[in-house]
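Using the hints, build the complex out of the two chains.
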Amino acid sequence: DQQVKQNSPSLSVQEGRISILNCDYTNSMFDYFLWYKKYPAEGPTFLISISSIKDKNEDGRFTVFLNKSAKHLSLHIVPSQPGDSAVYFCAASAHSGYALNFGKGTSLLVTP
Amino acid sequence: NAGVTQTPKFRILKIGQSMTLQCAQDMNHNYMYWYRQDPGMGLKLIYYSVGAGITDKGEVPNGYNVSRSTTEDFPLRLELAAPSQTSVYFCASGRDVLEQYFGPGTRLTVT
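For the record, the sequence lines run as chains D and A. Quick note on numbering: the first sequence equals residues 12 to 123 in the numbering used here. Quick note on numbering: the second sequence equals residues 30 to 140 in the numbering used here.
Just chain A, with the same shape it has in the complex (with noise of 0.2 Å):
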């Protein structure tokens, strides 16, 4: 099993560009998240999907859009990227909201 994979692991885009954040998972896990983790910060909820067709907005969905149209994959879309969007971004998913597996991220850097 490869678990939670996300790509790429790394990005740097210019402030207005586009990009599409990879996550996929083999556990047919129903549940999937994306968090994003700022310098000294915890983990806040971007979005969330209890299953294929359902996505709805966690804390900060701003600037984001998603996608469920597989139990495996959770894309996560930046339009328009800005600076404010400079962190690390983990996907997660699990069979319920208490059991939660993490991909190891991706770094992304708006300039």
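Bound-form chain D, shown alone (with noise of 0.2 Å):
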């Protein structure tokens, strides 16, 4: 049962274009969220984050917005960079738990 969804499996945008990966969870009991980076061969790499207190978290060209109400989140970067390909994966944590719920990823692809 798949608690956090990244439904976009790829996504292509030109340099210097904005990217918007998205993601939804299930869980009303999570209320950390995550998202990290992973490039080819290597371990995913942590990005940005938002807890559920605030629907806004910024980070140089990488933003983090959270609707509760909609249990969705997304994550803009802007201006995306040829450097930004890679794996993206949205996780999701509830106080108290144990673990991260990751999603299956969405592979962005930023083209010169």
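Just so you know, these hints were derived from the structure itself, not from any lab. What you were told as hints is all true, and nothing was included just to trick you.
Below, simulated BS3-like cross-link-like pairs (lysine-lysine); rule was C-alpha separation at most 30 Å, straight line:
#1 D:K48 <-> A:K38
#2 A:K38 <-> D:K16
#3 D:K115 <-> A:K38
#4 D:K115 <-> A:K43
#5 D:K79 <-> D:K67
#6 D:K16 <-> D:K79
#7 D:K16 <-> D:K67
#8 D:K16 <-> A:K73
#9 A:K73 <-> D:K79
#10 A:K86 <-> D:K115
#11 D:K82 <-> D:K48
#12 D:K115 <-> A:K73
#13 D:K48 <-> A:K86
#14 A:K38 <-> A:K73
#15 D:K16 <-> A:K86
#16 D:K67 <-> D:K48
#17 D:K48 <-> A:K73
#18 A:K73 <-> D:K65
#19 A:K73 <-> D:K67
#20 A:K73 <-> D:K82
#21 D:K115 <-> D:K67
#22 D:K115 <-> D:K48
#23 A:K86 <-> D:K82
Quick look at which bits of chain A chain D covers, simulated, 3 or more residues with Cβ under 8 Å:
#24 66-75
#25 79-93
#26 126-139
In this text the structure is predicted, and so the values were computed from the model without any measurement. All residues carry an ideal CB built from backbone N, CA and C; glycine is no exception.
Put into structure tokens, the structure is as follows:
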């Protein structure tokens, strides 16, 4: 039972444009959300996170938006760069939980 | 700091063989995790540990065993390898569940 869903397996964006990656979740107990970035043959690396008490968190070119009523979050990358080409995983955690629940990932390709 | 290291990087096993995937971290983290990632899928938790001597099952523990005798090491044991265990295995560590640093992964093929 997939509690964190990334319904777009892939996304292609031109360099300089905005990339929007989406994530939906079903468990209302989730209160912390993270985005990880993964390059081929490497482990995932933490990118940005957001607590459920906020609706937006920004770090440089990366912004995560959280819509709790819709159980939806999105990652915006502005402007997109070719080095952003990677697989992006959405993950969620419930307070007092012991693990992260990961989505299947979205493969982003930023073309010059 | 080496961070999280995993050995081997690649391995091919025959059905029924056993092996141990090694994971070590030098950040003095209490939390350590083993995940597997199948093609086109997210990471699924196999086992986790919140400190030396303490381990517990994750979402997909069948066919695996772990031990945590030191803070630094968290080996994953595969007994009687099966084709369904063909996957990429990631070890991670952190100060808590919200902070996870991942190793580079071990690509395992069981034929």
